[in-house]
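Each chain, written out:
Protein chains: 4
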Amino acid sequence: MSAAPRTARGVETRARLLAAAERVFADHGYHEASVSRITDRAGVGQGTFYLYFDSKFGIFNELVEDLNHRVRQAMSEGARGATSRLEAERAGFAAFFRFTAEHPALYRVVREAESVSPEALRLHYTRIVEGYIDGLREAAADGEIWDIDPTVAAWALMGVGEMIGMRWVLWGDPDAAPGGDADPTASGTGRVPDHVLDEMMRFIGGALGRPDLAQGPRPAAEEKEES
Amino acid sequence: MSAAPRTARGVETRARLLAAAERVFADHGYHEASVSRITDRAGVGQGTFYLYFDSKFGIFNELVEDLNHRVRQAMSEGARGATSRLEAERAGFAAFFRFTAEHPALYRVVREAESVSPEALRLHYTRIVEGYIDGLREAAADGEIWDIDPTVAAWALMGVGEMIGMRWVLWGDPDAAPGGDADPTASGTGRVPDHVLDEMMRFIGGALGRPDLAQGPRPAAEEKEES
Amino acid sequence: MSAAPRTARGVETRARLLAAAERVFADHGYHEASVSRITDRAGVGQGTFYLYFDSKFGIFNELVEDLNHRVRQAMSEGARGATSRLEAERAGFAAFFRFTAEHPALYRVVREAESVSPEALRLHYTRIVEGYIDGLREAAADGEIWDIDPTVAAWALMGVGEMIGMRWVLWGDPDAAPGGDADPTASGTGRVPDHVLDEMMRFIGGALGRPDLAQGPRPAAEEKEES
Amino acid sequence: MSAAPRTARGVETRARLLAAAERVFADHGYHEASVSRITDRAGVGQGTFYLYFDSKFGIFNELVEDLNHRVRQAMSEGARGATSRLEAERAGFAAFFRFTAEHPALYRVVREAESVSPEALRLHYTRIVEGYIDGLREAAADGEIWDIDPTVAAWALMGVGEMIGMRWVLWGDPDAAPGGDADPTASGTGRVPDHVLDEMMRFIGGALGRPDLAQGPRPAAEEKEES
DNA sequence: AATGAATGAGTGTTCATTCAT
DNA sequence: TATGAATGAACACTCATTCAT
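Protein chains in written order, with the working numbering: chain X, 1 to 227; chain H, 1001 to 1227; chain L, 2001 to 2227; chain C, 3001 to 3227.
Incorrect hints may have been included.
Stretch-level coverage of chain C by chain L, calculated; a stretch enters the list once three of its residues show a Cβ under 8 Å from a Cβ in chain L [claimed, not checked]: (1) 3025-3033; (2) 3074-3082; (3) 3097-3111.
For the record, the hints were derived by calculation from the structure and aren't laboratory data.
The C-beta atom is built at its ideal place from N, Cα and C for all residues, glycine as well.
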């Protein structure tokens, strides 16, 4: 049975194990990531692992929880300084992409959770979606967006962020073509180019019926509107 | 080394193995799915597997390829009978969700491919996205949508479909709440309620700047607002 | 149950299998050599193998037998044209080394036979040794050699030939040093340099007490010493 | 990855595994010797094996190395007490045969190494030969033997020892005839009869041109010296 | 005579977990 | 608190052999 650490040293060891797990899970995926690899990277003995975690499955769930907490915090912090709703929205996504770039484990771990711990997976997505729903409700109340069903819209937004992040952050090289001989796992992590972020925000703006996002940035759009 | 079957009996056996793999991978995920479970379900001996596939990894890749082919076919077939672009679009998504419901392996296998065979994963998404891109280019040329970057928009659409499908088809029960004691893996597969599909199409319509999609349904929404 | 071939085609097939086995056993050793590799190389189906041989073990024994027969024939043929006993002796060894170079399977198969078919191994060595014994008896009767025990001497001669052959024919490159990064299995097969053959004959000549062999060449060696 | 043991218990376990491997490889040959047979004999679990050795191949190489070390030590220790060169030489061979009798693995493992680990095989023979070469050089410098090429002579000596050892020590029963129904693998290990050792030393003595070895025992040899 | 499909026992190896120290 | 030794179940994969055609 694992237990909460009782000493400062214990706290430190536990944290080292969790950090090591994030790296190892991100690099190898859940099944290839052995407990011994985690303890090696953490610089502790194998037995020590079981002082703080019940099982490999246990640390996995805790890690998903932890990442979920941190990514949501990063998103709200990212949006905090914004002076307008528009800016805040964009800042939230940008923070999400930044977090993804720094913590590729977020993607790898979460996607693999589908088969490892579906429960944890649901919790992760649901929590983020709930944040979106709240924001959408507020915005709708302020008349800033259409009256689109906030739950559906929130899941759609989640999907947009996930795919754009996967494509541009995780896969990195914007010109990466499947079949290329570069090792896809090694493609490192990039960032979302400004252009892509712009277009994505236009997509979202239009979707939610925000004239400010969808049409403001683009005179070209107006021509079209007229046509 | 695996080889193509040379007799009718061999063709039959190979097909049985592939079908069994789809089921087993969907039920257990890649790593929990043992070759012997696949051969058991196919009703052949363990060694027979290796007459037709190089490895467990090999059949996995082939399965991803196969599902990719079939889902794209289902989508274009679903859209074929449509009389308007609008209808076609909606029919394509509906076909995707139907396929998902019948082949939950699509999700489970593809998502796990992130860590099993990233190359296959990229190929899968990229091929679908390419279909979207073509459609978007055409629509833009016909003046039906804004001049949004088709690549960005296509990935965003992919994300919308993926998340809506995951939420409503894969998780099934629309009211499913994480933490419920129902086994999430067993929650079976449902279908996307019409209301959700409607809202999703409005989301997409607005995103792409299609007044027909985005605004048509709005009056209905207004009633709701009033209620 | 295997059977002797009844048609010309069958004779041909059987011979092709035996030749393929020689190559495959030489290249891979007994255990790495699968029956299917043999049938592949012979260009026949797997089942065909069992028409002519009882088992993998069966063809192995037959091959050892076959090689034994051929190497002994090569040795006596090699010696046949010789005009003096000295020349004949040398020619016999030279023929042995030549055969070894052309049929590396002889070494590889025979040495591995230690653990595969000790019975076949004994038979192989014993037959060759018996040839030596006969020759030694004759020579002793003619007063050409000491009265050394012919059995002991014969086994010793066998060892000399085996090791010199292994070192210079099988390992090839005379300067090959273990630990070099060249693949030892690929070092191909060489031939015994004249100098080595000379020295070996002096060794044997002295051992058997043949002044002709042992001392004749010495003056040449002295030049070398002086140079 | 295997690691060196860090505790006394670990050292003990590792040694038990190596000893068990020697027995099992000797009894069954490399390929028939399963890791589980080794661990069974060592009285440890299967997994324990991989704490100390990388693979079955790894322990094989280590065993060859180990046996090589020990046989060379046995030979030089055997020769140490000798008061004359003659005695030392004979004692060295006798020690070699004794070691062979106690460690039949030496032969079985080394001969099989031809196909399992040619690199290890070469190293083994080369190291022993190098010892011979050194001895021959010294003897030549002291004028005790002819000026025969020491490398050729050393390999020849190696062969003599190997074959005599195989014939009399490994096959045991001096009258053993191939085709007898006794199981050849079970023929146990015998010792080289004095008579055989005597004759072998005469063979070698003559070969190297040592009057002390070749002629002492045998008046017949004197005729030759005169010629 | 010839074949290729089928088999299932057997092997090397990994790894989450336990436990004595 | 920490550890490394030990375990054994589990798995991917191979291959000699059989058999229906």
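Next on the checklist: Run through the hints listed earlier and report the numbers of any the structure violates, in increasing order.
Outcome noted: Hint check: 2 fails alone, others pass.
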